[in-house]
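Residues per chain, in single letters:
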Amino acid sequence: MSFTTLLMTLVSSTLVYAAPLIFTALGGTFSERSGIVNVGLEGMMVVGAFSSIVFTLDFDKTLGNATPWLAILVGGAFGLLFSLLHAVATINFRADHIISGTVLNLLAPGLCVFLTRIFYSGKGQTPVISQGLDKVTFPGLSKIPFFGEVLFTRTSLIAYLAILISIVSWYFLYRTNIGLRLRSVGENPVAADTLGINVYKYRYMGVLISGFLGGMGGAVMALTITLNFSTNTISGQGFMALAAMIFGKWHPIGAMGAAVFFGLAQSLSITSAYIPLLSHVDSVWFQIAPYLITIIVLVIFLGKAVAPAADGTNYIKNK
Amino acid sequence: METGKNKNAIIIPLLAVLSGFIVGAILMLIFGYNPIQNYGSLFTGAFGDIFSIGETLRNMTPLLLTGLGFAVADKAGFFNIGGPGQYLMGWFGAIVFVLHFKALPGIVLIIGAILVGGLCGSIWSGIAGYLRAYFGTSEVITTIMLNYISLYYVNYAIKAWLAPKGSDSSPSIPSKASLNTAFLQHLTNNSTFHWGFFIALFCAFAVWFYFNKTKSGFEIRGVGLNPSASRYAGMDVKKTIIVAMLISGLLAGVAGALDGIGNYQNISVSNSTPSVGFDGMAVALLASENPIGMMFSALLFSALQIGGLSISVFSTTPSEIVNVVMASIIFFVAIRYAFEILLAKGIIKKSNKSKEENN
Amino acid sequence: MAKDVVEMRHITKQFGNFKANDDISLTLHQGEILALLGENGAGKSTLMGMLSGLLKPTAGQILIDGKEVEMDSPRDAKNLGIGMVHQHFMLIPAFSVLENIILGDEPLKQGRIDYKQAEKDITALAEKYHLDINLKAKVADITVGMQQRVEIMKALYRKANVFIFDEPTAALTPQEIEQLMKIFRTLAAENKSIIFITHKLKEIKEAADRCIIIRAGKVIDDVMVADVAEEKMAEMMVGRKVRTTVDKEPVDQTKTVLEVSGLNVEKDGLAAVKNLNLTVHTGEIVGVAGVDGNGQSELIDALTGLRKIKSGSVKVNGKEYANHSVREITEAKVAYIPEDRQTVGLILPMTIAENLVLKNYYHAPYNKQGILNYNKINADGRQLVKDFDIRSQSEKEAVGSLSGGNQQKVIVAREIASQPDLLIAANPTRGVDVGAIEYIHEKINAERNAGKAVLLISFELDEILKLSDRVVVMHAGEIVGEIDPNHTSAEELGLMMAGQKKTAAK
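Residue numbers (the UniProt record's numbering), protein chains in the order written: chain A, 1 to 319; chain B, 1 to 359; chain C, 1 to 506.
Looking at chain A on its own, in the form it has when it is part of the complex (with noise of 0.2 Å):
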């Protein structure tokens, strides 16, 4: 293999793992940020792998080409219907946030197989799906001599747009009004529902966009990645991009770039075997490291953190 062909492979490989944590990731981001700790975002990407697989084996004959695409919004609206439960019982019910979103990693693989036998005769998992989300070559870009063949010759389409939709919710986030309530309901509910702005609107806002992303990642992860659905489809990734959140330290940002660090940590796992000084590194030390690395990462330079002021509490409005 040659160093450029390499490249292309690490980057590409990269992305291609990155692309369901950064959704997931920003998904946790949008939660955290006003206030809904979001430790269920595992269950979500279940339910979006689930449903986007569904979608894409019942439709691909009359859609097309466009099937997978459809199917990542689709996984998306499933995952934001599914996050509904932890909406609800987080800021209507006062439940806490933990217990609320380990329900949802409970019940979302319960679920999703007992929905699968019912559809696929009883098997635990789905038939492999015939229409996935091809690699791309960009045109134009990927005649850039050395940078267009590493990064925009057969790599991850959904993986940029991952990349340009963390560059949005930043903008949202910190640039739009609504961005600075929703901000400000995870850090000072009271504070916010003096000036009238309504905690429980912005809480629901950013649970449900949670739920919509981490559907979504769950979708990527399944039309890129395994290409249909079992229990093992979705395995860790939910919580791994909850790691990337806290490392890129609540910030859209810096969720995308553990997520992409994350991703490379993962395609190292595989790929280091063409790469001429860690090819003799055993491969469990990559699978290892996203996660050895977050805690490391946490010890050093976070330490208490600095999740938003009001992540994690319940609030309670005065009659």
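There may be inaccurate statements among the hints.
[Said to hold, decoys possible] FRET-style restraints, in silico, Cβ to Cβ: (1) ASP340/C to ASP282/A: 48 to 56 Å; (2) PRO164/B to LYS249/A: 41 to 49 Å; (3) VAL297/A to ASP340/C: 29 to 37 Å; (4) LYS109/C to LEU81/A: 29 to 37 Å; (5) ASP114/C to LYS249/A: 24 to 32 Å; (6) SER325/C to LYS345/B: 49 to 57 Å.
Hints are computed from structural coordinates only; laboratory data are not their basis. The structure presented is a predicted model; accordingly, all values stated were derived computationally and were not measured. Glycine included, C-beta positions come from ideal geometry on N, C-alpha and C.
Given the coordinates of chain A, work out where chains B and C should sit on it, guided by the hints.
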């Protein structure tokens, strides 16, 4: 007031369980299955004969222990989601110990395996406890991360050191080191029921005693409820957090060890972290972390899991319906506030009525 | 006469069976500064909560500019030109001052916040009303005084005509209070109207035109400030004559119990206590006066082992205890009544009895080989509940269900029952009712009369002057002087609290 609260402590879990079953029933009805038949097979699957009972009690063992582990940490204000990893490390440690010291007498192997398993579990949780106590690192994140690290590490270690070439499982332990003795097999019609069950029951009583009667348990409750006040009272908050976390991991590790030498007899590569660690959380939450109550919640969830297998035997209903029921139960426990509102309204209505009657 | 901008008619507010406000009526004229005087729990904040849209009255009407209104949220109040400055500022520390001001009413330009426009508008307002604020700074980094000005600016930015201030001077330095009074007058001169809630009579005398006195949810009187003496207002507030002295018996005050020398303590890397020397003898109460945030908390934390000492010595009965553990210091017969009873002094969900043994549960007879003797714990708890008149159903009741005053009594009982040589008390009566205040003062004084050493830290000058044998004043981490409480004036104390060292030779 106080008695009212105590009443709610029993009524709300019962309502949650009932609601969970109703959700399951509705789901089955939607897809054209018969909930009564299925809940019937669930019940006979779990308690129908001595074999089923043996299986249910065997499956209850790790649930109760990981639940106790979660509860001990949570009482100290420490949200230990690391049950799966600690359980896995305990399982791994126990099997490695037995395979390594095969020559020793059976009883030594069994005690050693349980101790080593507990130790491995508590080292694993101790890392998170130490980081939280001295660096303030969120234990929610570290324990989740440690779950995955243990998964990949154990998988790697099994393949690299334990399993014969081409296999994904370690060799089985010698039968002298197994907790599933011939006597118990005979007694329970060849079920996998093993002595570990009694160890788990003993642990539940021990944890209850620890919380309610000991100085160390008092400190754990104090630190969990209010760390600043505990520090002001002269308690060593950091030490207490670490102690709680070590006990928590110890219990999860023992769960893994008992399952290892009682149920599986070996250890295999797995795709995901053992779900029993998370299920233990459900057990603890349903019983509001009361160790005695947890015996019942562990029995319930175990019965759901074991009985659930029969659902798909006697009908086409997917057995995952029990996972939905379990998750729903915890959901209803989590939104207990909703029940409190309902109960409060109900009670107000009742008392108004009785007033009218008095008039 | 100026027109009425606010009229509240026969307002009643009920929480469950408890009537927080009982048929209260009040009016506020344009350009007027009205004081609302009452004790903790008298119902002042509840009343203002209804005027600011946070709470809804159970009965009664509110008229703004002569029109009856109904407010469902603070937003409604804002639209009616009512601005509230809460006692605990409603600010977001992580946001900038500018973001805090515009939050909820952001000027927009093509979908994004128009920060330039906002800055222009606010700067203009700041100039008009002489409010010194730094728009770019993070709220977490600015002083309490500036935070208050930010709150005032928030209301001005929302075009408020009526300003409600809840205990506005609680956390301010004397200079900042003076500035605030100036701002009040500027606002009134611009035809804005002000209601401020307080229990400090001096401020009312200084700033208010009129004063409404509230007790137990009812209006007691409505007076023009110029016509009534402070003592009379105090009596109306409390409902009876208040004892302003305690009986001090002659005791031996020669033996040194606490000796602090050259003490240096840091907070977040900054010097919080600087080279401090202090002695407390047997049978005396030494009061530490000062404005909040001048190193008092750090001093106590250092003395009690809760905070690391950088250098210096702390001797108790002649033995060195600097940087010893909390428990070692407790064992040295040092008791400590902390300022924050709910987050430091007590574990609210635990029982009264458990809280009473919080500092000695590990001793026999409560602890035997790691097992606690709950029979003994509960029996002793029952006795203390009786001795200290802690109003509760049983010693097994959760401490959190007691009233503030009774919670404080639990702490006082625990600390005094430990028979200390040195009692450290930090704001021991903050936020409790007058009855409990008198009780706690008696108990602290009784310790003094029994020959114990007492170190009292308080932000309430009255409390310091009433109890202390000697008073030292703390400013910016240093003791700036010592005064005799019987021969001082509020002016002298105020100046020293502001940092002016005592010049006259002692």
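* Asked: Which of the listed hints are broken here?
  -> Those not satisfied: there are none.
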